[in-house]
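Chains as they are written, first to last, in my numbering: chain A, 1 to 344; chain B, 1 to 190.
Label-pair restraints from in silico Cβ distances:
1) Gly64/B with Asp26/A: 31 to 39 Å
2) Glu40/A with Asn80/B: 17 to 25 Å
3) Leu201/A with Glu117/B: 48 to 56 Å
None of these hints come from the bench; they were simulated from the model. Since the structure is predicted, the reported quantities are computational estimates derived from the model, not experimental observations. A virtual CB, placed ideally from N, CA and C, is assigned to each residue, including glycine.
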Amino acid sequence: MKELGKTDSFKDRIKNKMDDSPVYKDSEDALWSKVIGDIEEDEAKEKSLFKKNHPIIWYASAAAVVMGLLIGMLYWKEKQNTEVLASIKQQQPKTSQIIEKKKTEINIINSPTQEVKASAKSDAPNNIKTDPVLQILSEDKITEYDLPDGSHLTLNRSASIELKDNFKKERSLSMQGEIYFEVEPDKSHPFNIYFDNHRLLVVGTKFNVRNIKEEIFKEISVTEGIVKVFPNNQKKGIEVKAGEQLKLNQEGTIESGKADSYNFIFWKDGILDFKNSSMKNVAVLMSRRYNQKINIGHSISRCTFTGDFTQLSLDEAIEILKITTSYKVEKRKNEIYISGEGCK
Amino acid sequence: MDRSIITAAAEGDKQAFRTIFNFFVPRLRSVALRYARTEFEAEDILQEAFVKIYHNLKTYKFEGSFEGWIKRIVINTALNHYDKYKKDYQLDNIETYDEDDLGIEEAKDIDEVEPSELLSIVQKLPNGYRLVMNLYVLEGYSHREIGQALGISEGSARSQYSKARKHIKKILAGLRNKSKTNLINKDSTI
Numbered sequence: 001m002k003e004l005g006k007t008d009s010f011k012d013r014i015k016n017k018m019d020d021s022p023v024y025k026d027s028e029d030a031l032w033s034k035v036i037g038d039i040e041e042d043e044a045k046e047k048s049l050f051k052k053n054h055p056i057i058w059y060a061s062a063a064a065v066v067m068g069l070l071i072g073m074l075y076w077k078e079k080q081n082t083e084v085l086a087s088i089k090q091q092q093p094k095t096s097q098i099i100e101k102k103k104t105e106i107n108i109i110n111s112p113t114q115e116v117k118a119s120a121k122s123d124a125p126n127n128i129k130t131d132p133v134l135q136i137l138s139e140d141k142i143t144e145y146d147l148p149d150g151s152h153l154t155l156n157r158s159a160s161i162e163l164k165d166n167f168k169k170e171r172s173l174s175m176q177g178e179i180y181f182e183v184e185p186d187k188s189h190p191f192n193i194y195f196d197n198h199r200l201l202v203v204g205t206k207f208n209v210r211n212i213k214e215e216i217f218k219e220i221s222v223t224e225g226i227v228k229v230f231p232n233n234q235k236k237g238i239e240v241k242a243g244e245q246l247k248l249n250q251e252g253t254i255e256s257g258k259a260d261s262y263n264f265i266f267w268k269d270g271i272l273d274f275k276n277s278s279m280k281n282v283a284v285l286m287s288r289r290y291n292q293k294i295n296i297g298h299s300i301s302r303c304t305f306t307g308d309f310t311q312l313s314l315d316e317a318i319e320i321l322k323i324t325t326s327y328k329v330e331k332r333k334n335e336i337y338i339s340g341e342g343c344k
Numbered sequence: 001m002d003r004s005i006i007t008a009a010a011e012g013d014k015q016a017f018r019t020i021f022n023f024f025v026p027r028l029r030s031v032a033l034r035y036a037r038t039e040f041e042a043e044d045i046l047q048e049a050f051v052k053i054y055h056n057l058k059t060y061k062f063e064g065s066f067e068g069w070i071k072r073i074v075i076n077t078a079l080n081h082y083d084k085y086k087k088d089y090q091l092d093n094i095e096t097y098d099e100d101d102l103g104i105e106e107a108k109d110i111d112e113v114e115p116s117e118l119l120s121i122v123q124k125l126p127n128g129y130r131l132v133m134n135l136y137v138l139e140g141y142s143h144r145e146i147g148q149a150l151g152i153s154e155g156s157a158r159s160q161y162s163k164a165r166k167h168i169k170k171i172l173a174g175l176r177n178k179s180k181t182n183l184i185n186k187d188s189t190i
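Can you build the whole structure from these sequences, using the hints too?
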């Protein structure tokens, strides 16, 4: 409560101090002529567009008619598709006993939830739009899954993948959340992963993709081999090698560099063993592992740290950090602050 | 503002629009100035905003204050102007901070600065901080509304504001130290 009061006082005092009273300048006439210039330009454009567009308007209405026909046809096709799907579904009961048995078996070892569905799902990339899609969800458990080609996936909590029926012919899938891929080598069938707006191409490697909706950066950490990433589906790919990490944001802006990639899959193996890792990465991984907000001093964020946090509680990890580095670690209002002398 | 003037301007009467322009530009210049980094940028924002205002006058339904309606257009224009601010935001649940930020006393710094000094402090803030500061403190938006306006999460908006606050305090503390040393220097010359 006290903190709240503090905040408000800062807010109020800034607000009171800020002067929003009118500011008169001599440049008003110049500004007016710019504004009116822009407006007249817009109006002129509008007029000429209207004149030129007369025939285009005609075309547009013709196009609308064609579109209408097309949509009608698509609808008819879709209907047919769903009918086919329905009949497949009807056949299913024959085998359902076995499936159900299998399902309960797998359930014990964290079975993923599988759903076959008509693929009208809007967030699936274009290339997986027509065929039926297999969706695998991990829900609230870390889940292992074997793909038909022998590739092995580990899905972190609330992750999902979608793949087409013809996956064996064309190895491609789309994904949400965080997933560790161990892709079966097969040079004649490259493996494509679609996430956010990006594409990732591999032949046979091991890597972690973190594609969390709320996070600005999508993160690819490679533990074995090489992957090629195509930000925003660009034609030019970026290679990321074992021991490197690539971060992409929506505009395709990129951060890449060496990283202790194996630590970024701690969620799968439970191992958090830092060897000359940057303090920034240490803080990122501690915040994920302990679900804890961490603030790290700017001057030490590039320093390195070596230490094994595997199986340690948060308090134990903090103790190790304090002892081995002489950093100051404090808890304030449920947040952790790590600070200290910078390194060179 | 007289209703007939607004209606006339909406129907394309440039003279009526000039009246609106003359009345509101000085009032909104002060707003544009605190969203911008320089006077020139403020001018660009105003230019863009008033073109938009002209084209959208027809959509004003005389509900709520006309000044509020115009001000929102200016603010939205300013936000679009700095669309690249998004890059200023960080990932994950960690933050790097400058150690000096901690433990700064809540001093009476703000009360001591001149309004013009405060404006120039705000103008020098990094884009993300400046927008959040303006929206939260001066426009009274909630963190959620700011998140929506800037296309970031509510949590990011909140933490961005707290960083902006620390940043301002740091600048104020720096100013105070400076003025102290100035005083000392003055003394020594006497």
